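Top to bottom, those sequences are chains A and B.
In terms of this note's numbering, the first sequence opens at residue 1101 and continues consecutively.
In terms of this note's numbering, the second sequence opens at residue 151 and continues consecutively.
In short, the hints are calculated from the structure, not lab data.
The model shown is predicted, which means the values in this text are computed figures rather than measured ones.
Ideal Cβ placement from N, Cα and C applies to all residues, glycine included.
Below, in silico cross-link-like pairs of lysine-lysine (DSS-like), each with a Cα-Cα straight-line distance of 30 Å or less:
no.: 1; chain 1: B; residue 1: Lys539; chain 2: B; residue 2: Lys384
no.: 2; chain 1: A; residue 1: Lys1519; chain 2: B; residue 2: Lys293
no.: 3; chain 1: A; residue 1: Lys1371; chain 2: B; residue 2: Lys293
no.: 4; chain 1: A; residue 1: Lys1379; chain 2: B; residue 2: Lys293
no.: 5; chain 1: A; residue 1: Lys1412; chain 2: A; residue 2: Lys1454
no.: 6; chain 1: A; residue 1: Lys1412; chain 2: A; residue 2: Lys1549
no.: 7; chain 1: B; residue 1: Lys476; chain 2: B; residue 2: Lys383
no.: 8; chain 1: A; residue 1: Lys1225; chain 2: A; residue 2: Lys1407
no.: 9; chain 1: B; residue 1: Lys269; chain 2: B; residue 2: Lys174
Per the computed footprint, the stretches of chain B lying under chain A, defined by three or more beta-carbons under 8 Å from a beta-carbon of chain A, are:
no.: 10; segment: 211-223
no.: 11; segment: 257-270
no.: 12; segment: 291-302
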Amino acid sequence: MFDKVIASIDKKLERFDPIWQAEHGKGGQRSRYYDKTGVAKYREWRGVKDTMVDYAAWLKNLMSMAQMVASAPVACLKGFWEYRWMGSYLGTFMFIDRLFEGYRGYELKIAHLNMHAIVRSLTKKIALVLANDRRLGGGPLTDRMVPMDEVLPPLFMTGFKDLIPIPLQTLPEFIICDVDQHIEPYYIDVAESFGLPADVCSRCAAETGVAMDDAFPIIGKAMLSTNMPCNASEATSMFQRRRIGMPDFPVTLAMIHNEPGAHPYSTQMLKDAIAFIEKEYNVKYDWNELFKYAALMNEQNTIELEKWDYMKTPYNPLVGIAETLYRLYAWASVNGQDPYFNKTDRKVIKIIRKAYEEKYEPFAGKTRHRAFLWGPSAVYYTDFPTWIQNCWGINIVLNMDSTMGHNMINTEDPEEAIKDLAIFSEKATMRHHAVGGWDNVNAVWEWAKNFNCDMVLYNDNIACKGMLGVHAVMEEQARELGFHFIFIEHDLEDCRTVSRQDMRNCVNSYMSVVLGEEPLDPTIVEFDDSAAY
Amino acid sequence: MKDLKHLIYFENLLQDAQNELVTKAVEDGELALGYNCYYIPEVLLNLEGCFSSRLRAPNCTSTDIASYYMTNRTCPYARSILERAIEGGYNYLSCLFGAESCATMERMEEHFFLINPVKNEKFFVTQIDPPMKGDQTNLDYYKAQLMLKVVEPMRDRLGVDTSEAAMRKAIEEHNELCRVITEIGNFRKLDNPPITGYEFHVIQLVSQVCPHKLILPYLKETLEEIKTRKPEKKFPFRARVVLVGSEIDDPEFTKLIEMCGAMVVADRYCFGSLPGREEIEILDGETAFDAICRHYLHWNQCARFMDGMKIDQRHNEAKRLVDEYKADGIIYENMKFCEFWSYDKVLANHIFTNEHHIPCCTIEKEYALGAVGQLRTRFQAFIESLEIKSIQGGK
Chain A
1101 MFDKVIASID
1111 KKLERFDPIW
1121 QAEHGKGGQR
1131 SRYYDKTGVA
1141 KYREWRGVKD
1151 TMVDYAAWLK
1161 NLMSMAQMVA
1171 SAPVACLKGF
1181 WEYRWMGSYL
1191 GTFMFIDRLF
1201 EGYRGYELKI
1211 AHLNMHAIVR
1221 SLTKKIALVL
1231 ANDRRLGGGP
1241 LTDRMVPMDE
1251 VLPPLFMTGF
1261 KDLIPIPLQT
1271 LPEFIICDVD
1281 QHIEPYYIDV
1291 AESFGLPADV
1301 CSRCAAETGV
1311 AMDDAFPIIG
1321 KAMLSTNMPC
1331 NASEATSMFQ
1341 RRRIGMPDFP
1351 VTLAMIHNEP
1361 GAHPYSTQML
1371 KDAIAFIEKE
1381 YNVKYDWNEL
1391 FKYAALMNEQ
1401 NTIELEKWDY
1411 MKTPYNPLVG
1421 IAETLYRLYA
1431 WASVNGQDPY
1441 FNKTDRKVIK
1451 IIRKAYEEKY
1461 EPFAGKTRHR
1471 AFLWGPSAVY
1481 YTDFPTWIQN
1491 CWGINIVLNM
1501 DSTMGHNMIN
1511 TEDPEEAIKD
1521 LAIFSEKATM
1531 RHHAVGGWDN
1541 VNAVWEWAKN
1551 FNCDMVLYND
1561 NIACKGMLGV
1571 HAVMEEQARE
1581 LGFHFIFIEH
1591 DLEDCRTVSR
1601 QDMRNCVNSY
1611 MSVVLGEEPL
1621 DPTIVEFDDS
1631 AAY
Chain B
151 MKDLKHLIYF
161 ENLLQDAQNE
171 LVTKAVEDGE
181 LALGYNCYYI
191 PEVLLNLEGC
201 FSSRLRAPNC
211 TSTDIASYYM
221 TNRTCPYARS
231 ILERAIEGGY
241 NYLSCLFGAE
251 SCATMERMEE
261 HFFLINPVKN
271 EKFFVTQIDP
281 PMKGDQTNLD
291 YYKAQLMLKV
301 VEPMRDRLGV
311 DTSEAAMRKA
321 IEEHNELCRV
331 ITEIGNFRKL
341 DNPPITGYEF
351 HVIQLVSQVC
361 PHKLILPYLK
371 ETLEEIKTRK
381 PEKKFPFRAR
391 VVLVGSEIDD
401 PEFTKLIEMC
411 GAMVVADRYC
421 FGSLPGREEI
431 EILDGETAFD
441 AICRHYLHWN
451 QCARFMDGMK
461 IDQRHNEAKR
471 LVDEYKADGI
481 IYENMKFCEF
491 WSYDKVLANH
501 IFTNEHHIPC
511 CTIEKEYALG
521 AVGQLRTRFQ
531 AFIESLEIKS
541 IQGGK
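Input sequences plus hints: build the corresponding full structure.
Laid out in structure tokens, this is it:
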């Protein structure tokens, strides 16, 4: 009876559903937005049940935000005053809304479970960092924090029971760029005003600008930098160590990391890093403590591997950005440190199993192509996977960065554990397949084949020297192996060089000219969102 | 000054990677071993029966095919080398010992086995993962990488004698060449040197691209000639500069600076002699191989080093050269699209100008010297500022 009532309401209100509108030529996803902006006139109508799911998730995220402010009200206020990037976090709700446009049913539920885990973790982290930031007066935990490069997996640091590893660049740079496309260009300009050429990787230019602009929170007594993932990242570390002015230890893991000879070196490097922290913080490493968190990471990776099995089928509701963003955050930033992510994973895998049993196809079975997304993605266009599904029916099954370290860590023998950690850490964000030799890049075809993809989307960061260096060979390989292959040009964190529409055009041209297909939603083929967050 | 006897001969040797001395050595049965980067110790490639050939792409004016493979947004040096390889310019090579010194270099070297541009049956490629710090862990890794990717392939695939005795002999010969070049280079410290920066650049380059055994007699003769060479009556330049930065293998670049009025008195860049021509010392109880690895890791000034010690060494070394060679300033250059030197240039400019109070001019250059008008203007303005500073007594 209840379902019948809901179905009847849904039928009556279906004309407000952008998917229905697109199908019937009455509008679509873009119809509810003010021109050029990311500001919607009203929330997306998804039917009664899904709108409620979406709205409840919105409230839950709002609660987390409120808890953040309540836990450190003065620090948060000071943070807004001190840091330009803090203001951009106000765009978080718009950001989440645009990530999950067109999501319904199981895919929507999973997306919000994953997203809430991120919001919950991130808001706690913001409050923790601001409450202990020396620029804002410091706090009781200031000296127990260890600022470390966000690309260095922090799992090995959990062996320091009383210390709190904080990925330094995440708050002012890496995450916030996902939320607001206009924040990092300011920092890029700061770096360039000191003479840094505009052709270097914009992510690292932005980090340099953040350092020069004194926009990094100051925490801890000594820091860990790293050579990961690549050249520009190594180079920007020089500025950060100098500007922050703490004793630092560069954790330089092997660059050519797919060879047996690399791992002993990386293992020793982690041991050296542990010794450095022991000395600087006057603490002792506790292997049992590491084993505890390694077990959590192992569970996450075990579930991840099971997820991959479902992703190979059409009946997987963990899709697009819901998969990509979660895996990125859960791996790179959480890295086994927060049991809430294990809890989330357990819930999600249950839904995935159920969906598979029901032969549930996400996006009402409108997927036309299954794509593997290769190469570092544009951070200023986080909802690109959502757009490409809604517009062209291309389901991004898996992202390169989701394949990061998924080996299990030994939880009994310290010597074996550190070896496992070395391999695990070598395969970090933007590194597992973008760095370390041709074989790593060329692995895309095997991945794409295994996940039953007919298409490879190749993120073409215009300043990524490593990926630019294999342009033609990749294209030739795609032709030979029969994959649809699209270069998607972007500038990682600088939306001024390659706009979101420029990125969309790369896909639009291929889909309409090469494949001769019609868009699912014509309102989002070409539109101006240059002023949006 | 009177022209150096062999200068035109040397200049001609630099017109092609496979010059007449390279051809002669290969015809005599020597193995030509290519490399691009200081991370690959030149001395190892000069073991008995083989010779080192540091890769250049002289007179490369177009990189159309390499740009197809690597786009036009990557280092022009790397693209020029690939272009030259595709043109068949390195068919004399028996192998390429590469280094993942940077991502572009790695990708360029990968094309040497992906598209097989070198038409030589013996040819193969290896790539080391070079260290990024100067500590013991990195020295151990450097040794392991060189052993695995250079020494063992030389022994097992090319049949080269890599014994301790052979390495010691190679070091002796290498040191002899280094002594000659260093002695020539030291003339640049004089108030009125009997050699120009351009001439030295040419001499240093031929020592890197020609078989050592064949070029050494010419270098020795040139050294003797310079010892008695009369300099100009008055120092002919308006200023003295140290040239610091990434890859420069075209002496015309040095000539450009000198034509603007500043003598390049010290060459601290890839393909330069500082570092590059320091003698290798074998310590007591040390093997020749260990000494080579320690030496190259210690002297390496690459901008990719991340630890504070090596970063400071890089800048202190440039400062030392300014003092020792009595330079008025530094020209800090980077190859376009070189991320390491792009960053270091910004940092170094700040350090030299604000902390060491050394005038510093930073520029970005292409591999092939084409449109030099802008560079000339920059150099002229910098040299003028040095002159004014000198007139004002350094204020």
